[in-house]
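**Q** Each protein sequence line maps, in turn, to chains G and Z. The letter at position 251 of the first sequence is residue 251 when you use our numbering, and the numbering goes up by one with no holes. The letter at position 46 of the second sequence is residue 1046 when you use our numbering, and the numbering goes up by one with no holes.
There may be inaccurate statements among the hints.
Each computed DSSO-like pair below joins lysine-lysine, with the alpha-carbon atoms no more than 27 Å apart [what the hints assert, rightly or not]:
{"no.": "1", "chain 1": "G", "residue 1": "Lys357", "chain 2": "Z", "residue 2": "Lys1099"}
{"no.": "2", "chain 1": "G", "residue 1": "Lys150", "chain 2": "G", "residue 2": "Lys139"}
{"no.": "3", "chain 1": "G", "residue 1": "Lys416", "chain 2": "Z", "residue 2": "Lys1148"}
Because the hints were derived from the structure by calculation, they are not lab data.
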Amino acid sequence: MIGVSIIFMGGILTLFLGLNKPEQWSKNTSALLLLLASASSWFEYKGILNFDLLFKWVPQQMLDISGTTEWMSALLLFLGFMIMNIMPSNDKKGADIPALMLFSLSGGILLMGAEHFVMLFLGLEILSIPLFVLAGSNKDNLNSNEAALKYFIMGAFSTAILLLGTAFIYGGTGTLNLNEIQLKLSFASHFGEFPILLKAGLILVSVGLLFKVSAVPFHFWSPDVYEGSPNRIAVFMAVIVKISGFYTLGNIFNSFAPMSAWSEQWILPILGITILGGNIMAIGQSKVKRMLAYSSISHAGYLLLFILIPFEENINVLATYSFSYGLGTISLFYLMDQYSREDKEFSMYTALFSKNKLHGFLLIIATLSIAGVPSTIGFIAKYQLFSSAFAYNQSAVLIALVGSAISIAYYFKPFKYAFDNSGFEKTDNSERFELNLNSVYLLILIVITVIIGIFPTILEYLL
Amino acid sequence: MELLYIPLILALASTMLGKMLSNKWIWSGISLIAGFTLVLNLHCSHNFILSESIVDIPWLGDNIRFNLKVDGLTWLLLLLTNGLIPFIIASQSEDKVSKITPLIFLMQVGLNGVFMAFDGLLFYIFWELAMIPIYFITLIHSERERFKTTIRFFIYTFVGSLAMLASLIYLYGKTDYSSFSYDNLFAVNLNYAESIWVGSGFLLAFLIKIPVFPFHLWQPNTYVWAPSQGSMLLSGIMLKMGLYGLIRWYLLLVPESIDFYQPIVICLAVIGIVYGALIAIRQDDMKRIIAYSSLSHVGLITAGILTLSIDGLNGAGLQMLVHGVNVVGLFWGIGLIERTYKSRDLNDLGGIASKSKWFTIGFFLFVIGSVAAPLSNGFPGEFMLLKSLFNYNTTMVVFAGLTVILCAVYMLRLFQFSMLGEGKNESNKDMCISVNLELILFLILSITVILIGVFPQNLIDIINPSMDQILKELLNVKGVLS
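With the rest of the complex left out, here is chain G:
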């Protein structure tokens, strides 16, 4: 609860700062606020600090940011902090973009904490509307404008579908509170079949959210939007929107748990085509950014496994996976951003390892982590997800394993160029290691990824 309060106020503060201070001010302020919000959320989760006063402002049946939601919001804020700091801002003027990112983040946290469909809708809109603007923030670029328009239209449609689903659910149960819905459904489950209205409602709500997280039949917007939007915004969409979207999906399916035997029937095909489709389509991509977009689609598929397993017991699994996915995606997007040239093809990585050792190591570690190779956090996350899902649905896990095997084919493509020194001549300043703030952040990314991979017990202290 404290996190969302800080960054919402912080967003307004940042906007005002932009009036008469240079752009760097607003960026640094928002980054600091994100760190502060993340830390205080984590302390609140651990019970070290207490902000009970804040809870009195919001009615409990609407919003509940405590427990794991609190942890997830701390994670989301930390990843937001990393994105804000690491990804360079290509935009000229500036307070509005950091401020919009803060607003969007606070929407994501409200979405995760929503206990009521109205709150859920509100969170989703606060998350999305700033993103429509941000996607088009590179105004001189035609692709960016296209991305904004496409994202806006798709987003508007998916929200409309979600609202229709909400109305159906209200028709079916007479309430919009997720806890009450769960209670009513568990009574109703003793009387046989569920009403068709409820089923349709659940499908429509899921479709609305699956649009946001770009699961396969609803993924068509995502590669284009990622490609068009500025890199900083693309990684923001890939990380923040996906993590909060999946947490919400898990929350909703938790309330609809009595219907799980029925909902599994259509979640499973979506999961299968998302994993296989995302991975197979990624192989053919020649542009790095589109490859990363499809890779994030395939990760949406792995995360769908989470819908199949009981929510409360396995919440740590989702937390770990989100953490590892966030770290890996941010690293890869950062490298893509640093070496991106006109054609944006894989050859941008040529001689990367000789040009900059730190970037080379980051590429290796991040790739291994996101591909799920042991000794990285990515493996721990994938292992936990697969082994807990294995008890509930073995065929889905087998599909996921096949998908992981396919993913090697495209994740390792940059290595082909990174170690290829042909046509590269060493200059004196090319290999010097500079210790500045940016390289410290990169080192943090590398160290977290490896240390948790080797000593996963650390996660128990974090969680």
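Using the hints provided, position chain Z relative to the given structure of chain G.
**A** Chain Z alone, transformed into the frame defined by chain G:
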């Protein structure tokens, strides 16, 4: 535990100090002293049967533990790994030292871990960990077709590993306490259909790694284009992971499926023996000959393991060590030839014997070891393997026995065309391999060929107790072989 963190420290040290200390002898010396001390130290404190763990601490929750144990088989493989790695480091050419050495040390961590791990997930992690450095060694330093070869190698082995992971997770779900520990996985009883599936996961991983006949497609090109050190690590040590896994993790964990898979795997292995040997005869590239001969030799070891007799298992254990030594020696010799004569094509070479006598003696010892002439190290192991196969099925041994003849054909052809006669290439006719510290180490390694050949019983004494234990467990606990 020291066997894991000391190589790790060495890997970090050689990364940091790579520029300053780019002398391979320093790293080779440190690694030689550290490796032998640590392995011999293990010998002193353990009998050669499984006893209490060296380390046993919780790693991920309470159920997945960092559990290491040592028995005779493991000890022998640790000796092989830590004994050969100093030689492999010493075999580099000076200009690549700072790039390859850290990766070799990192690989040592993974390999030591694989052989000692007694927890399912830990085994999987070390299994993958050993694969990452070798991927980068082959990717960065291969001669040609770098990406194509290495990605094929990586995907093949990764698919196998994932299948093994699926099997491990399945077994994990069946254990009483939801635990990955070896003892709990061992206690699981599967029905026939389950065991076929679980067994296929393990077998896929191990047969790809070994490699056995239809799964070998990654192997020849990787061996040929990789730098000599990569080929040595891959064939000398890494494929022993597969054979070790077959004994420790497949036979004991899914013995219910042995009845089904035994004839299939033995058949494939025997096909591989003849197939590898026949192809090797027609090759001109020396490395490619060794690659296919390796396919043929490990086929025999695999077949021996699957006969489930004490002779087969002891022979396999001995032959794992011996094949490691021989193949590392042969690749080292080829590396030396290639550095001096800039070619490893049999059509370009010849007359080396008249120029570099000491080198030829060493190389010849490895050749006869590979051919398995009596009193060389290859003979006892191969004899025991063929004997066990004879007891299993007489028809099989007729084909498997061809390896003795065919191996002599291609190895002697290799020796004859490269060493004897006149040099065929005018430009490098008069060069010779200089006598230096590297050549002396090469000769020291080659003397072990004779030593093991004359005193094989000392090594068999080490593996026999653990192989005996494995067979007893198969017989008593699981009721196989009855």
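**Q** Which hints from the list above does the structure break, by number from lowest to highest?
**A** Nothing - there is no hint that the structure violates, so all of them hold.
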